[in-house]
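Visitor: If you're matching them up, the sequences are chains U and R in order.
Each residue of the first sequence is one higher than the one before, counting from 1 in the working numbering.
Each residue of the second sequence is one higher than the one before, counting from 1 in the working numbering.
You can take every hint at face value.
Since the list gives no way to pick out one identical chain from another, each pair is judged satisfied if it fits inside one copy or across any two copies.
List time: in silico BS3-like cross-link candidates among lysine-lysine, alpha-carbon distance up to 27 Å:
#	residue 1	residue 2
1	K22	K11
2	K114	K10
3	K114	K54
4	K107	K54
5	K10	K120
6	K107	K120
7	K22	K10
8	K54	K120
9	K114	K11
10	K11	K120
Calculated from the structure, these hints are not laboratory results.
Number of protein chains: 2
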Amino acid sequence: MPFPPAPADKKLLEEGDVFTPKFDAHGLIVCVTTEASSGEILMLAYMNELALEKTIETGVAHYWSRSRGELWRKGDTSGQVQEVVEMRVDCDQDALLLRVNAGGDGKACHTGRKSCFYRKVENSDAGPRLTFSIG
Amino acid sequence: MPFPPAPADKKLLEEGDVFTPKFDAHGLIVCVTTEASSGEILMLAYMNELALEKTIETGVAHYWSRSRGELWRKGDTSGQVQEVVEMRVDCDQDALLLRVNAGGDGKACHTGRKSCFYRKVENSDAGPRLTFSIG
Chain U
1 MPFPPAPADK
11 KLLEEGDVFT
21 PKFDAHGLIV
31 CVTTEASSGE
41 ILMLAYMNEL
51 ALEKTIETGV
61 AHYWSRSRGE
71 LWRKGDTSGQ
81 VQEVVEMRVD
91 CDQDALLLRV
101 NAGGDGKACH
111 TGRKSCFYRK
121 VENSDAGPRL
131 TFSIG
Chain R
1 MPFPPAPADK
11 KLLEEGDVFT
21 PKFDAHGLIV
31 CVTTEASSGE
41 ILMLAYMNEL
51 ALEKTIETGV
61 AHYWSRSRGE
71 LWRKGDTSGQ
81 VQEVVEMRVD
91 CDQDALLLRV
101 NAGGDGKACH
111 TGRKSCFYRK
121 VENSDAGPRL
131 TFSIG
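From just these sequences and the hints, can you work out the full model?
Guide: Structure, rendered in structure tokens:
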């Protein structure tokens, strides 16, 4: 590391074995994090290059907090440290998938719920509303 | 629709029943799409306001293609139309989760694979490499 640049050839990008994560204009790459044992989607967050390097080097999930503007080792204050079981990247290498074992109480959301996706969007004649179907 | 603005009160944003999706500076919101029957993560894509409205109104997944710069009804050319079983939103309402039944051959990735996340990132002394653990 640092990570190599993406190949110009799309075929190499999609079918090669070189990891060339694509960071956006803000230097971030999106990451979906699931509970390894269940496959449940816990959260969606962003990593900058440093957070991704730290995650790979330590095997513990690090993110970039956009609201606080700082490197964020998940669990430092909550105890919900995420041990990485597997990391995946998508076809065009601009999205990551982490399968983790979540420490502490096993939750991921700062609202006290296991998953951040605790509300369902339901449509009605009056337009979409949110319902709490988990949590 | 159009969608109402986010409430200033964070508690209302996170604990309320009003759907106020937050679009980024490019007018996009990120969406993780899973196969409803298995929970497998198929793809990650983006919606603009129109794509989100169409998805809610029709019950079929629409995205915004960043590469082509156009509204994209998934499956129009591939037959892999995604019937929405459930839509969820995360705590701060800047990420969506779609659980879908995928039509056609049930795949989602343009490379011919079911999921876009077909490569695993594995670390070694020579740095991270990609392995094809799902085909």
